[in-house]
Amino acid sequence: MSRSTLSLLVMAALLVIAVGAAALIASLRSGEDELPAGTPERTVQLYLKAVEDHDATEAFSYLAPSLSARCASFPREEITQRGSSSIRATLDEVRVDGDRATVRVGLSETFGNAPFGTSDPKQSLTFELQQIEGQWRFTEAPWPLYCAPKLSSAGGLGR
Amino acid sequence: MVVSLVPLLVIIGVVVMLIRRRQPREDGHPTSDVGLGTIRRLFLYGIGLLALIFSGVGLSLLLGGLIDSFGGATVISESDTELAFALAFSIVGLPAWLIAALLAQRSLASAREAEVGSEVRRLYLNLARGIALMVVAVNAITVLQFVLRISDFDGRAVGWLAVWLAIWLLHDLIVRGEHRTPATAWLDHLYLGFASVVGLLFLLSGLGAGLGSVLSAAYDGLFRSTLVHGDWSRGLREAGAPALVGAMVWGVHWLLRLRREPRSEAIWQVVVFLFGVLPGVAMTLIPAAIGLHMLLDWWIGNPVGGAASHFAGLPGALSVALLGLGVWGYFRSLLWEGRAEHVARSDAERVYRYLVTAAGLLVLTGGIVAGLALAVEAGAPEDGGLIRSSGWWREQLVLTLTLVMVGAPVWAWFWFGVQRITALDPAERVALPRRTYLFAIFGAATVTLLVNLTIVLFRFFDALLGDGLTRELLVDVRWSVAFVLAAGIVAGYHWVVLREDQAAAPAEALARRRRRRTVVLVVPPGGDGLAAAFVDLEGTRIRVWRRAGVAAVAPWSEQQLAGLRSLVAGSEDDCLLLVDEHGNAQLVPLLAGAAEL
Numbered sequence: 072m073s074r075s076t077l078s079l080l081v082m083a084a085l086l087v088i089a090v091g092a093a094a095l096i097a098s099l100r101s102g103e104d105e106l107p108a109g110t111p112e113r114t115v116q117l118y119l120k121a122v123e124d125h126d127a128t129e130a131f132s133y134l135a136p137s138l139s140a141r142c143a144s145f146p147r148e149e150i151t152q153r154g155s156s157s158i159r160a161t162l163d164e165v166r167v168d169g170d171r172a173t174v175r176v177g178l179s180e181t182f183g184n185a186p187f188g189t190s191d192p193k194q195s196l197t198f199e200l201q202q203i204e205g206q207w208r209f210t211e212a213p214w215p216l217y218c219a220p221k222l223s224s225a226g227g228l229g230r
Numbered sequence: 068m069v070v071s072l073v074p075l076l077v078i079i080g081v082v083v084m085l086i087r088r089r090q091p092r093e094d095g096h097p098t099s100d101v102g103l104g105t106i107r108r109l110f111l112y113g114i115g116l117l118a119l120i121f122s123g124v125g126l127s128l129l130l131g132g133l134i135d136s137f138g139g140a141t142v143i144s145e146s147d148t149e150l151a152f153a154l155a156f157s158i159v160g161l162p163a164w165l166i167a168a169l170l171a172q173r174s175l176a177s178a179r180e181a182e183v184g185s186e187v188r189r190l191y192l193n194l195a196r197g198i199a200l201m202v203v204a205v206n207a208i209t210v211l212q213f214v215l216r217i218s219d220f221d222g223r224a225v226g227w228l229a230v231w232l233a234i235w236l237l238h239d240l241i242v243r244g245e246h247r248t249p250a251t252a253w254l255d256h257l258y259l260g261f262a263s264v265v266g267l268l269f270l271l272s273g274l275g276a277g278l279g280s281v282l283s284a285a286y287d288g289l290f291r292s293t294l295v296h297g298d299w300s301r302g303l304r305e306a307g308a309p310a311l312v313g314a315m316v317w318g319v320h321w322l323l324r325l326r327r328e329p330r331s332e333a334i335w336q337v338v339v340f341l342f343g344v345l346p347g348v349a350m351t352l353i354p355a356a357i358g359l360h361m362l363l364d365w366w367i368g369n370p371v372g373g374a375a376s377h378f379a380g381l382p383g384a385l386s387v388a389l390l391g392l393g394v395w396g397y398f399r400s401l402l403w404e405g406r407a408e409h410v411a412r413s414d415a416e417r418v419y420r421y422l423v424t425a426a427g428l429l430v431l432t433g434g435i436v437a438g439l440a441l442a443v444e445a446g447a448p449e450d451g452g453l454i455r456s457s458g459w460w461r462e463q464l465v466l467t468l469t470l471v472m473v474g475a476p477v478w479a480w481f482w483f484g485v486q487r488i489t490a491l492d493p494a495e496r497v498a499l500p501r502r503t504y505l506f507a508i509f510g511a512a513t514v515t516l517l518v519n520l521t522i523v524l525f526r527f528f529d530a531l532l533g534d535g536l537t538r539e540l541l542v543d544v545r546w547s548v549a550f551v552l553a554a555g556i557v558a559g560y561h562w563v564v565l566r567e568d569q570a571a572a573p574a575e576a577l578a579r580r581r582r583r584r585t586v587v588l589v590v591p592p593g594g595d596g597l598a599a600a601f602v603d604l605e606g607t608r609i610r611v612w613r614r615a616g617v618a619a620v621a622p623w624s625e626q627q628l629a630g631l632r633s634l635v636a637g638s639e640d641d642c643l644l645l646v647d648e649h650g651n652a653q654l655v656p657l658l659a660g661a662a663e664l
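Quick mapping for you: the protein sequence lines, in order, are chains A and B.
Heads up: take any position in the first sequence, counting from 1, add 71, and you land on our numbering.
Heads up: take any position in the second sequence, counting from 1, add 67, and you land on our numbering.
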């Protein structure tokens, strides 16, 4: 057997071993972490699971009432028409300051259909939440929703 | 996706053409008007290719639509446009292609040697194979994605795959059934090179995506808190389709065919060095640099978040690096195997060495510039007008260290490697890739030096004549100062190297580089193999004339060919006639201009 053929076989074997080992670890550790109820990260987790399930109604239930009203008239295709994509999200950081919280998440999404099955590289998302009546709710439109800011009565932009 | 690979084909073609222009041409046919004739051949095969594409598209749509109607999704609204399209293309394309094929076959029957040796016919066959291969590969991926449960069944993809696979098989059988002539071999090699590169690209894309996906999932499972785990195996299954298709294409075209061609072939060298070793080096070093940057940033910089999120990019970088090492290792071992053949160093190898050297030098210089700018800024004393946040220097220090630690070893390894080669073989000093590299680096460094020196002097004189020199000025011009210093060092060093080369370049090598010798071989039927002895003889152009009315002869032995090669190489004449007299060779020097060049 030639040296180059041997090196090819060795590389293939190493690749199989690497993929096998990583797949084993991934399958054994593939469960989602059960985050404590009543925490901002738990709200983010429930929201993202609703997005994964294409359930816009469930996802909207995690928006603050004012935000939900603002987003009501906007299309929900960003959640309901996500095709066959798959989301994986990991918790990076949580900062709580009184009744406000910032949750930073690493998220990657894989799509189907195209010949090369494109995947988004991991993106870092930041979610802003506020505790309202004991529940953490989003105060800014969370990914992947987009809702235009509300115009104030004077014609400027209001919060 | 298909369109995006056209530039790749163009690049390969341009590289080969440039190399071929510096190699002797082997023309098996003194005139090209035997058989169909060049103009008619161009017309016939041009129309034939167009008709082939039309009929392929039409039949694919017809078959795909038929399969989809049985196995596809429920149609709630039908469109006849596609059917009309398919019928039009098929009805126009198929008869036109059949007519062209019949005319070509008729010419093949009456003047087989001329047609088989025609570059136009071979170009058609290889273009047909190349186009068919791309269509087959893309649609095979789609079909495989259904098999791997990534996407829904798409009958159209099956139709396209079936029709274009048949087209590819047909043309591949024709090519393999006809003997290759010296005039057409390069076209076959060009196709094999293109297919090998495309196959490797698909294979590495799939493997990289798959390995990266599963390593990321494992990393997240081990070190990070998972909110939504998704389907981690999906990435692996998605990557399986292009990996499998790429493996088949690469296996058939590289492992079974092109790899077994002579190593002295230009395409072989281009594929190995520029599309094998070079990407392997890049795929290893770039992720290594990314990993090093992450490490230094964690240690010295201002990392945000915990270690797990900081190093989240490591699995992706590791997957690319592992593949890069594999590719690099495979092609290096392939080259190592061929050392005994003593193949002359090719321009493709030189281009690869100087490209990596240039890349290393650019990275190293970038690091030096960043370091010098940091030093200038750090050296500027604090004053009331200059506000800096604490740790302002960390990010730039990390960048400097990363660039220097990656660029320095790469540049040193490859640069001193080519210097060792040059010391052993003085003819390397006059090689085009080396001279291009030296002049390009020297030129770029000089321009950078002049431009930034102008900026520095302008700011200096502007301040001197205006508000006066301030410490803030030094900080403002720190990058230009850094560029001046770094570019000055680079330009100065390469100027010295250029002068050394000019002083040491032997006159003989220069004369050899400029020399163009023509050798006309007069051979009996079946004697084309004689041309192979002179293929890579530098500066030699070969023409082969076949004698009529004589019997075919047995081929020359390797020893005899080597002897003839030495005889021609040692001749001082620029124009030679070598007559194969049934096993005896007669070498006749000619006056320049007496032979058609």
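Read the hints as simulated data drawn from the structure, not as lab findings.
Note that the Cβ used here is the ideal one computed from N, Cα and C, for glycine as well.
Worth double-checking, as some hints may not be accurate.
[Unchecked claim] Derived contacts from chain B toward chain A, CB cut-off under 10 Å, selection only:
| no. | residue |
| --- | --- |
| 1 | Glu245 |
| 2 | Arg247 |
| 3 | Ser280 |
| 4 | Trp299 |
| 5 | Gly302 |
| 6 | Leu303 |
| 7 | Gly368 |
| 8 | Gly372 |
| 9 | Gly380 |
| 10 | Gly383 |
| 11 | Leu390 |
| 12 | Gly396 |
| 13 | Arg399 |
| 14 | Leu468 |
| 15 | Met472 |
Hints numbered earlier in the text: which of these fail when held up against the supplied structure? 1, 2, 7, 14 and 15
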